[in-house]
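**Q** Got two chains here, each in a separate frame; can you build the complex from them with the hints?
These protein sequence lines map, in sequence, to chains A and B. Everything in the first sequence is counted per this note's numbering, starting at 1 for the first residue and increasing by one. Everything in the second sequence is counted per this note's numbering, starting at 263 for the first residue and increasing by one.
Please note: incorrect hints may appear among the correct ones.
[Unchecked claim] Here are the computed lysine to any residue pairs in the SDA-like style, where the Cα-Cα straight-line distance is at most 20 Å:
#, chain 1, residue 1, chain 2, residue 2
1, A, K206, B, S289
2, A, K206, B, R288
3, A, K24, A, G100
4, A, K206, A, F245
5, A, K24, A, E129
6, A, K206, A, G159
7, A, K206, A, Y191
8, A, K206, B, R290
9, A, K208, A, R151
[As the list claims (entries may be wrong)] Covered, in the sense of this in silico footprint (three residues per stretch, anywhere, with C-beta under 8 Å from a C-beta of chain A), are these stretches of chain B:
#, segment
10, 280-288
11, 295-304
12, 361-375
[Claimed, not checked] Covered, in the sense of this in silico footprint (three residues per stretch, anywhere, with C-beta under 8 Å from a C-beta of chain B), are these stretches of chain A:
#, segment
13, 235-243
14, 246-254
Hints in this document: simulated from the structure, not taken from any laboratory. Ideal placement from N, C-alpha and C gives every residue a C-beta, glycine not left out.
What follows is each chain in one-letter form.
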Amino acid sequence: MAELAAAPVAPAEHQVLAQLAELKRLAIVPAFNEEVSVGRVIDEIRAFDPGFEIAVVDDGSTDRTAGVADDRGAHVIRLPFNLGIGGAMQTGYRYAFEHGYDVAVQVDGDGQHDPSQLARILKPVLDGEADLVVGSRFSGGGPYRSTVARRVGIRIFAGVVSAVVRQRVTDTTSGFRAVNRKGIALFAADYPHDYPEVEATVMCVKHKLRLREVPVEMRERSGGRSSITALRSIYYMTKVLLAIFVGLFRRYAVPVEEEHHR
Amino acid sequence: MTPLPVSIAAAVASFLLLVVVFELIRSRRLRERYALLWLLTGVVLLSLSLWRDGLNTIAGWFGVQTYPPAILGATGALFILVVLLHYSTVISRLSDQNTILAQRLALLEQELREGNAA
Numbered sequence: 001m002a003e004l005a006a007a008p009v010a011p012a013e014h015q016v017l018a019q020l021a022e023l024k025r026l027a028i029v030p031a032f033n034e035e036v037s038v039g040r041v042i043d044e045i046r047a048f049d050p051g052f053e054i055a056v057v058d059d060g061s062t063d064r065t066a067g068v069a070d071d072r073g074a075h076v077i078r079l080p081f082n083l084g085i086g087g088a089m090q091t092g093y094r095y096a097f098e099h100g101y102d103v104a105v106q107v108d109g110d111g112q113h114d115p116s117q118l119a120r121i122l123k124p125v126l127d128g129e130a131d132l133v134v135g136s137r138f139s140g141g142g143p144y145r146s147t148v149a150r151r152v153g154i155r156i157f158a159g160v161v162s163a164v165v166r167q168r169v170t171d172t173t174s175g176f177r178a179v180n181r182k183g184i185a186l187f188a189a190d191y192p193h194d195y196p197e198v199e200a201t202v203m204c205v206k207h208k209l210r211l212r213e214v215p216v217e218m219r220e221r222s223g224g225r226s227s228i229t230a231l232r233s234i235y236y237m238t239k240v241l242l243a244i245f246v247g248l249f250r251r252y253a254v255p256v257e258e259e260h261h262r
Numbered sequence: 263m264t265p266l267p268v269s270i271a272a273a274v275a276s277f278l279l280l281v282v283v284f285e286l287i288r289s290r291r292l293r294e295r296y297a298l299l300w301l302l303t304g305v306v307l308l309s310l311s312l313w314r315d316g317l318n319t320i321a322g323w324f325g326v327q328t329y330p331p332a333i334l335g336a337t338g339a340l341f342i343l344v345v346l347l348h349y350s351t352v353i354s355r356l357s358d359q360n361t362i363l364a365q366r367l368a369l370l371e372q373e374l375r376e377g378n379a380a
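In isolation and in its complexed conformation, chain B is listed as follows (with noise of 0.2 Å):
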């Protein structure tokens, strides 16, 4: 069984991590489309640290008898690799974006200074 003070302890960080991107999304430094991953991981690892019965049977699925908190550790390692891959493909898009602003003011900025010296 978990012992309570982990449990304690997990849902109050889930608590504050969802409290934590609420607050940016309301202070409009997050945008919803890159906390809804955020939001998800703390939702999950909240239902998991407060179901402390469902913890320990999903432990059991896995073959884990004696620490079961394993499972939350596990857990919030496989949604921050999701975040991280996901950042991946937004900061891939980014650079490319990047790139064809940068193309393109450059071209202006030839186009303009031919048309100054025309």
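One chain only, chain A, in its complex shape (with noise of 0.2 Å):
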């Protein structure tokens, strides 16, 4: 709760970036027919810090997602169809686990995420101090235009997941986020299927890893279109309270502090 307005409004960059390098660091994409903007936002990455390795999870694209990514030499994982974000994320983190990555953070493809401030996100779980961070649109960032049904849906996730979580969530669908070891490892082992993001952060905190919200400016989509059309909000929003209503009773394990490396 307090944590919030703690979060350091420009976080020291360079400081951030001499604790990556001694680490194993991993992007991931995931990106579903998004040719126009992943070859940018690779370039980005890269641009922030060029020791992050890529790995673009390209969703059952039919345009040339997988060859824009290819050729900037990032890792390109093609699913043979569309799995959505879910099942896509999930390739990512097995990615990310089976190789020993030691923090991963998620980017879309779709360039609504701004590399540069991966800084923000990365810094908690740099300094020991979250397991997962979310950069969140609301908490403090800058001014995010919106359709009025959709200001209320994320209203009531927000109210929901901070009554669930014991702890103030602003923005519960954010996909720009930052995970250690721990994190990659409980995703790589069981991740929410559909629509993802709201249940990942539920789910890390029933298994006792620390959440963290820190804000950022999210720019707008130059690229593909939202997964979530107007119709399907509602299956959205039931689908997804549902699975954290039943979630309640459910029992979690605790997950072990430190698995091998490969």
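**A** Next comes the structure, spelled out in structure tokens:
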């Protein structure tokens, strides 16, 4: 709760980069028909820190997404058909887990996340203060334009999730995230389906991982379409709320400290 | 008017359906995505069983004067049809994906064999 206010507005980027230099680090970029934007996303991640390895998970695109990513030397993981963002993200986390990465960040292939702000979401992970850090559009970041229906949905999720995790959460649907090895291991083993961000946040806290939100600014999407259309949003809300509700009645294992590196 | 034992039996049955579906989701044997239609079925049937006046009114709309619980049966049948149709689309998608997986695997194996031979 007080953590939000304490989040640094302009984190010492050079310090973050110095801490990063000693770690095996991966940027997971889920992309579904993002040939227009995925190249720029890769360039911008490298501009932030050339030492980041980049795994583009092509979720069954029918355009040149995989080709563009391949040309830039990213690790391209092509799914044979569209699994949805949940299945795609988990593929990235499995890759991160099996290749022994210490930290992983999620950066959407559509360009809405600004890689120059990676230091903000990485800092609490690198300082050992959080296992999962979510970049929030609403906790003090810049303006964010959206439809009324979307705002209401976002408000509902924020309320429900905050109550369930007993911690103030403002942006449950943000996919701009950073995790440490613990988070990578958890998500590699278990990741929600369909629309995963809200459930992944809850799941993390249930497994006793430390969650932190930091303010970020997001951009307008530079390519592709939002995966959530008006008709689907009712299904989306119902499904996610049901999953959270049923999740209250599940028992969660606390993950073991550290497993083998390959 | 609907006989009380019919209402009670129908309410208990739909409640059991809801409990079973909930438990299947909780134990992760049923995904939320495929549970939603079953939950809707349970909720609608439960409401119609408990709201006995409503059932009579709805029966009236359809000109069912003699035996209102027929509407319960019809509603149940309708939902089962919808669930089955939904599953047909799911099976179709799964079998398409299965084909793609088999093809990808065969191509990979072929690549591996020729790579090893070389």
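**Q** Each of the hints needs a verdict: does it hold here or not?
**A** Hint check results:
Taking the CA atoms of K206 of chain A and S289 of chain B, the gap is about 16 Å. The hint holds against a cut of 20 Å. Taking the CA atoms of K206 of chain A and R288 of chain B, the gap is near 15 Å; set against the 20 Å cutoff, the hint holds. For a cut-off of 20 Å, the pair hint linking K24 of chain A to G100 of chain A stands: about 8 Å separates their Cα positions. Distance hint between K206 of chain A and F245 of chain A is fulfilled; the C-alpha atoms sit about 13 Å from each other, no more than 20 Å.
Restraint check: the Cα-Cα separation between K24 of chain A and E129 of chain A comes to about 19 Å, which is no more than 20 Å; the hinted pair holds. Of the pairs offered as hints, the one joining K206 of chain A and G159 of chain A holds, with about 17 Å between alpha carbons and a cut-off of 20 Å not exceeded. Our distance criterion of 20 Å between C-alpha atoms is met by K206 of chain A and Y191 of chain A, whose separation comes to about 13 Å. Restraint check for K206 of chain A and R290 of chain B: satisfied, since their Cα atoms lie roughly 16 Å apart, inside the 20 Å limit.
Distance restraint check for K208 of chain A and R151 of chain A: the Cα-Cα separation of roughly 29 Å exceeds the 20 Å cut-off, and the hinted pair is therefore not satisfied. Counting residues of the segment 280-288 of chain B whose beta carbon lies closer than 8 Å to any beta carbon of chain A gives 3, which reaches the threshold of three, so the coverage claim holds. Remark: the segment 295-304 of chain B is confirmed as covered by chain A, as 4 of its residues place a Cβ nearer than 8 Å to a Cβ of that chain, reaching the required three. Judged by the Cβ-Cβ criterion of 8 Å, the segment 361-375 of chain B is covered by chain A as claimed, because 3 of its residues qualify and three suffice.
Coverage of the segment 235-243 of chain A by chain B holds. Counting CB-CB distances below 8 Å, 5 residues qualify, and the rule asks for three or more. Here the segment 246-254 of chain A counts 3 residues with a CB under 8 Å from a CB of chain B, which clears the bar of 3, and the coverage holds.
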